[in-house]
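Engineer: Same order as they appear, the protein sequences are chains E and S.
So the first sequence is residues 231 to 722, counted in our numbering.
So the second sequence is residues 38 to 138, counted in our numbering.
No lab work stands behind these hints, which were simulated from the structure alone.
Glycine included, C-beta positions come from ideal geometry on N, C-alpha and C.
All the pointers check out, no bait thrown in.
Derived CB-CB ranges, DEER-like:
no.	chain 1	residue 1	chain 2	residue 2	range
1	S	125	E	509	38 to 48 Å
2	S	58	E	288	45 to 55 Å
3	E	691	S	89	54 to 64 Å
4	S	51	E	264	53 to 63 Å
5	S	93	E	684	53 to 63 Å
6	E	304	S	68	32 to 42 Å
7	E	436	S	105	24 to 34 Å
8	S	94	E	295	35 to 45 Å
9	E	341	S	93	49 to 59 Å
10	E	234	S	125	50 to 60 Å
11	E	338	S	116	18 to 28 Å
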Amino acid sequence: MTLQLPSVHYLAILPELITIGAAVVLLFAAALSRGRLDRMVGTVVVASASVATFVVAFFQWHDIAQHGASTTLANAVVLDGFSVVATVVIALGLLLSALVAHDWLGRESMTGVEYHILTLAATSGAMIMAQANDLIIIFLGLEILSIGLYVLVAFNRRRANSAEAALKYLLLGGFASAIFVYGAALIYGATGSTTLTSISYFLGTHVLTSNGILLAGLGLLIVGFAFKVAAVPFHLWSPDVYEGAPTPVTGFMAAVVKVGAFAALLRVVASSLGTQAATWRPIIWVLVVLSIFVGASVALVQRNVKRLLAYSSVNQAGFMLLGLWSGTARGVAGTLYYVMTYTPVVIATFAVVALVGGLGDEGHSLEKYRGLARRQPWLGGALTVLLLAQSGAPFTTGFFAKYSVIAAAVDAGGVPLAVLAMAGAAVAAFFYLRLVLSLYADGAEEPTLTQVPVASGTVIGFGAVTAIVFGIWVSPLASLAHHASLLFLQKP
Amino acid sequence: MTIPASWYLIVAAMLFGIGAFGLLTRRNALIMFMCVELMLNAVNLTFVTFAHSLKDIGGQAAVFFILVVAAAEVTVGLGIVVAVFRRRSSTTVDELSELKG
Chain E
231 MTLQLPSVHY
241 LAILPELITI
251 GAAVVLLFAA
261 ALSRGRLDRM
271 VGTVVVASAS
281 VATFVVAFFQ
291 WHDIAQHGAS
301 TTLANAVVLD
311 GFSVVATVVI
321 ALGLLLSALV
331 AHDWLGRESM
341 TGVEYHILTL
351 AATSGAMIMA
361 QANDLIIIFL
371 GLEILSIGLY
381 VLVAFNRRRA
391 NSAEAALKYL
401 LLGGFASAIF
411 VYGAALIYGA
421 TGSTTLTSIS
431 YFLGTHVLTS
441 NGILLAGLGL
451 LIVGFAFKVA
461 AVPFHLWSPD
471 VYEGAPTPVT
481 GFMAAVVKVG
491 AFAALLRVVA
501 SSLGTQAATW
511 RPIIWVLVVL
521 SIFVGASVAL
531 VQRNVKRLLA
541 YSSVNQAGFM
551 LLGLWSGTAR
561 GVAGTLYYVM
571 TYTPVVIATF
581 AVVALVGGLG
591 DEGHSLEKYR
601 GLARRQPWLG
611 GALTVLLLAQ
621 SGAPFTTGFF
631 AKYSVIAAAV
641 DAGGVPLAVL
651 AMAGAAVAAF
661 FYLRLVLSLY
671 ADGAEEPTLT
681 QVPVASGTVI
691 GFGAVTAIVF
701 GIWVSPLASL
711 AHHASLLFLQ
721 KP
Chain S
38 MTIPASWYLI
48 VAAMLFGIGA
58 FGLLTRRNAL
68 IMFMCVELML
78 NAVNLTFVTF
88 AHSLKDIGGQ
98 AAVFFILVVA
108 AAEVTVGLGI
118 VVAVFRRRSS
128 TTVDELSELK
138 G
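Only chain E is shown next, with the shape it has when bound in the complex (with noise of 0.2 Å):
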């Protein structure tokens, strides 16, 4: 008897095999060398991984355009052009982050370059269930990028916080991720396979006359995601892992995470189990609705800029989400383009957050940022153009966003969905603009400078200027966007 290996296409698997090289590289070379390898060391590994991510991206691309999408490793894994574009995304995710941690390691005067091994894990899990094509391999992918974000979570120490809000994580994941594989079980059982593809094509082929296997797993896995993505009801863990963890890994969780779970739970939802829109979209409904109003309304009494932030991203998850209800490639690519255009500026917003916290991540109250922008006008005006681009206000990329996801809804015949998530953005508008405002007002008490070392300033200018082009400039993220089209879904 021999034992038959699937073929494996390398150059779909290329930016997972490149962030977990990477990661191992570090490893090796940290174990190995005498003294504590200097933070630089690991931020160069970080970059180049990610700049190799990208090309191999560009190869991908050209792969798709000529040959299609194609699934390899025994189906447990897929490249299509959604896929690609996600890839992107993280690696882009990873790249910024990096750059922020680096100055906060700086600041923190932490040595070592276990952050950055944790963060390239962390971050092929990411990148796995962007690709994956299997609900076990979705889990994987979610494990390999939670277990990281635990450590990361509990990274600085010397803060009680920190250790506590990993503690927090970790028991609600572990809970979430036990949900969602339950709900991987059943689906496999109602339906015969954990392969994506499979369970679509026996969907569609098959009247179940007894659903209720699938539908419980359908519902566990939703709330599974929803945990993951923190979705209000499922939200309760976010504002204090947001709160605990170290600023740059608070802007890490709140890009990379969404991004990757976002990406699984199109594939999941939108894709393979489209034919079961009837039953998953009255709970997408809820979430969505729950998520925008939640997330805006408690955002307004927060005290504390990372939990106000927690509570933002709550209330774009519901946005995300939106695209999501929609179900149909429309939607899709909405959602894709939103956590595109999410990314970059999330990740500046916390590095702003980063460096006007100062030293031990202490001053995170919302007076720190009483008239920053009167003393620092740049560091400011950037933190400005980022809010306002997450609230949506025209010629950033926000206002795109939530238009594409919003009108994908209308298309899907949503419109009293839609009519509520345009009531929750402007909602949501009045937090942002009050704490946009405070920046501009005088009398602070204690007025300090906040100093914007190199690495950080350009991931701020880098955020601030996406938003602003990209804003104006609609047409080339939205087209990818639009052609980043999902394997095996449906066209309307």
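We have chain E; now place chain S onto it with these hints.
Structural biologist: Here is chain S on its own, set in the frame of chain E:
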């Protein structure tokens, strides 16, 4: 005499429910970990049952992945519990009140 597959599924669902209930009600971090493990093992039982009744090896293979993930999660988790314990000499999560949920 063979036991029908649905019995195994019901046992698994009960185990999962007990794990979830314990996680939400108990306040000791170590017990909460055990509850997560119980939930994952309930999933394993579900996978094996379905794999047996579907005559498909894929579900049994999934169990190995879940076992490995559970082990990795516990390794990291106990590390974090030790880090918290060093500061507070207690593993009761109610005493972790620096962050208010």
